[in-house]
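Chains as they are written, first to last, in my numbering: chain A, 1 to 455; chain B, 1001 to 1455.
Treat the hints with caution; some may be incorrect.
[Claimed, not checked] Listed next, with one range per pair, are the computed distances between beta-carbon atoms:
#1 A/GLU90 to B/GLN1011: 52 to 60 Å
#2 B/LEU1283 to A/GLY178: 53 to 61 Å
#3 B/LYS1083 to A/LEU423: 51 to 59 Å
#4 A/LEU423 to B/PRO1269: 22 to 30 Å
#5 A/ARG356 to B/ASP1051: 27 to 35 Å
Calculated directly from the structure, the hints in this document are not laboratory data.
Cβ coordinates follow ideal geometry from the N, Cα and C atoms, glycine included.
Number of protein chains: 2
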Amino acid sequence: MYHSLLKPDLQQMLGEADRDGMSEFCDVLHPAVSAEVLEGLENSEILDVLDACNLRKQVEILEFLPLSVQIALVEDLERNNRKRLTRWLEEMSSDDRVDLLSRLSDDQVEALLPLIAQAERNDIRKLLSFPEESAGAIMTTEYALLPEQITVREALERLRKQAPDRETIYYVYIIDDGRHLLGFVSLRDLILAKPETVLTDLMKRDVISVRVDDDQEFVAGELQKYNFIAIPVVDNQNRLVGIVTHDDAMDVLEEEATEDAHLAGAVAPLEDSYLDTPLFTLLHKRGIWLVILSSAAVATAAMLRQYESVSETYTWMILFLPLVLASGGNAGSQSATLIIRFLAVDDQQTRSPHLRLATRELILGLTLGSFLALIGFTFGWMFVGKTEGAVVGLTVAMVVTLGTCSGAMLPMLFRKFGMDPALMSNPLIAALVDILGVVIYYSVAILLLGNVATG
Amino acid sequence: MYHSLLKPDLQQMLGEADRDGMSEFCDVLHPAVSAEVLEGLENSEILDVLDACNLRKQVEILEFLPLSVQIALVEDLERNNRKRLTRWLEEMSSDDRVDLLSRLSDDQVEALLPLIAQAERNDIRKLLSFPEESAGAIMTTEYALLPEQITVREALERLRKQAPDRETIYYVYIIDDGRHLLGFVSLRDLILAKPETVLTDLMKRDVISVRVDDDQEFVAGELQKYNFIAIPVVDNQNRLVGIVTHDDAMDVLEEEATEDAHLAGAVAPLEDSYLDTPLFTLLHKRGIWLVILSSAAVATAAMLRQYESVSETYTWMILFLPLVLASGGNAGSQSATLIIRFLAVDDQQTRSPHLRLATRELILGLTLGSFLALIGFTFGWMFVGKTEGAVVGLTVAMVVTLGTCSGAMLPMLFRKFGMDPALMSNPLIAALVDILGVVIYYSVAILLLGNVATG
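The shape of chain A in the complex, shown without the other chains:
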């Protein structure tokens, strides 16, 4: 709702080169709102508007722009104004900076690094070295730190000095000389404590932390579980190396949910928003899955070919082929959806109650299968005949049970072998169940209606 009102104003300011107006635009609005309005402009216009503001504000707004726009701006400055780009990169917060740089080519990064001040350069190199989607890759190194032997009064004094360039000062970590994480105090605790209390007596010692190589999804889950504003990240010697804050955890949760949704729909996950993804990338990410699924459908065709003489004798069978196959696929999709989401959200442990899950799904499959079998039987009878109805009904019951069980078991199996359960997409389960579904359908037909002489 903001952009439609503000964009024309801003474009007028640009036309009149009204730098005061543009500076006010940046200062008065929340940087997220400024970013939203700027997103609709040309790169050169965005650069002009930001140029009217001080460096801090420029970078604050930049950090709220979508990554695809940030990259475009950086590539523009790389060609035309390296000095401005260097100042930006030095001023950016450490996690947002690495998010951006990790999307550039290695050559681009290597060309930029020498221009950046030593301290920031080291920080970038360290953070870039962590594997993608690990705690190290999403953490920030700008956290508030205190030694344990000072008083609350002194602590507050020091926090005042640290505050301007720390991501948060609401959670403060206490370390020893070797940077080992000893404890934690919240600013709330500091405000409530007597000024002369020593931190040793105030801090909580059993700090819940994550390891730098933990998966980002686990990190976000921990933050969510404990309702933390931030969680400390330590290396394998319990030395504090960074923190992950609530806003980044929220973005991770959303990113992972999107990734799982895309996989469930048989789309290889996108890096950017749908509209920011080039058509060619979408073609590739969808095409690859469609080819896999088509291959499975070709296998179904080959299987049907084995039963060609049966099909020719019982020509009515084609009528209920879609029903039979869809029943199995749909029941399988339901189970896979429930199990994959359960594994992602509720069950962060490696030992999940496999047996209980399998039993539940088996009962569900049998019950749902029997019920749907009734529908199949009724219409089979109505459209063709009683025995044919029985063929359809019996097949539906078996296929639904099979679909339910494989939809539940395959994601758990994937997880067991260390793969992402979400890779077991719904259409893939449907495609696999299709092949077996054909075998069941024809076997039941032969059983109930009698075999036919092969032509």
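Starting from the known structure of chain A, arrange chain B on it as the hints suggest.
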């Protein structure tokens, strides 16, 4: 990983009625961890362990238990110890309390309310009156408040007094005598400011807030967009009525993602975690969708019946029926998945770029369709013959284009009419495309192979 280590210890303490041990268990661990361990015990055991702790700690742990366990405990106390239940309800934080009460029956709530102190009772009645999934239903009324004319020193003094029973003191809201929201200061600003500064000069005035009747998904999205720790909730006269905090927003995002995932897999969304949902509820939530989808498949069977004579002449057509139908369904699932997630995550505005989305999907559909048509044509030729291959190929191209466009348009159409786009589940799109797919398949066959005399 915690429970496996701690549960046996705790059970031993229970056996020995070791109240000191149990009290230490509750005090030393983070309440989320205690809750995780307790979750595996019987209700009566949970009540015994909690009984060893002070009221504050009992409630802290209770609030981290899954809602299904909280409800079971409340129902137990309702029968056996109403006094303890009353104390719990009075001590709980206002948002968690309403979450719990809203899951009880109206009769249960009406029986409990008279036992609760007046202030809390009014708070409960007010919060229960907001529609489910609105800002009002998820907000807490325990926020930090200050008037505008005091100094920073005085503000910190007052915050110290408010701190113990406020959900957060990191964001403080400034109101006038009529409770109208005037401004906002963060504790960070207060710590950094000179003690004699008056809040009027320090506070930010353009406070970003949400309305009490805004949808919870929008509220969580705003919090995420601005990286807030909390967002204020106002009524239609801009009077502050509550705040929604980051942890609740994160839960909402996850809940909504789960709901969308379930819908995409054709499961009516569950209220509890998969394992906490009774089998009967699952049967109902899955069965209802399977019946809808089976009805669509019966319609497909009826459609196929119209072409019975064609099927009898061109008996090979059954081979590629699954391929043809799956191609359309899979392409449609992909589009629906991408568009639904895009609408949920990136596009909170009501005016989305429909035309651009539709054009993109049309191009994608035609390109993917042509490519998959090649596969269909090749195997059609191999398995049957060249003209038959052409029938399959041409059908696949058309069905994929149709699937892509309907997968993209139907969710947008749902949204346009104010319905949840996610209701347009992937299997439903596949089922709808199936019916048209049959018509296309047979029409193309008649066109290319010639019509047949009806038997």
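Going down the list of hints, with the structure as the test:
1. A/GLU90 to B/GLN1011: 52 to 60 Å: Once the Cβ atoms are compared, 56 Å apart, the range 52 to 60 Å for B/GLN1011 and A/GLU90 holds.
2. B/LEU1283 to A/GLY178: 53 to 61 Å: Given a distance of about 58 Å, which is inside 53 to 61 Å, the answer is holds.
3. B/LYS1083 to A/LEU423: 51 to 59 Å: At roughly 53 Å between Cβ atoms, A/LEU423 and B/LYS1083 fall inside 51 to 59 Å, so the hint holds.
4. A/LEU423 to B/PRO1269: 22 to 30 Å: holds (23 Å)
5. A/ARG356 to B/ASP1051: 27 to 35 Å: Because 30 Å falls inside the window, the suggested range holds.
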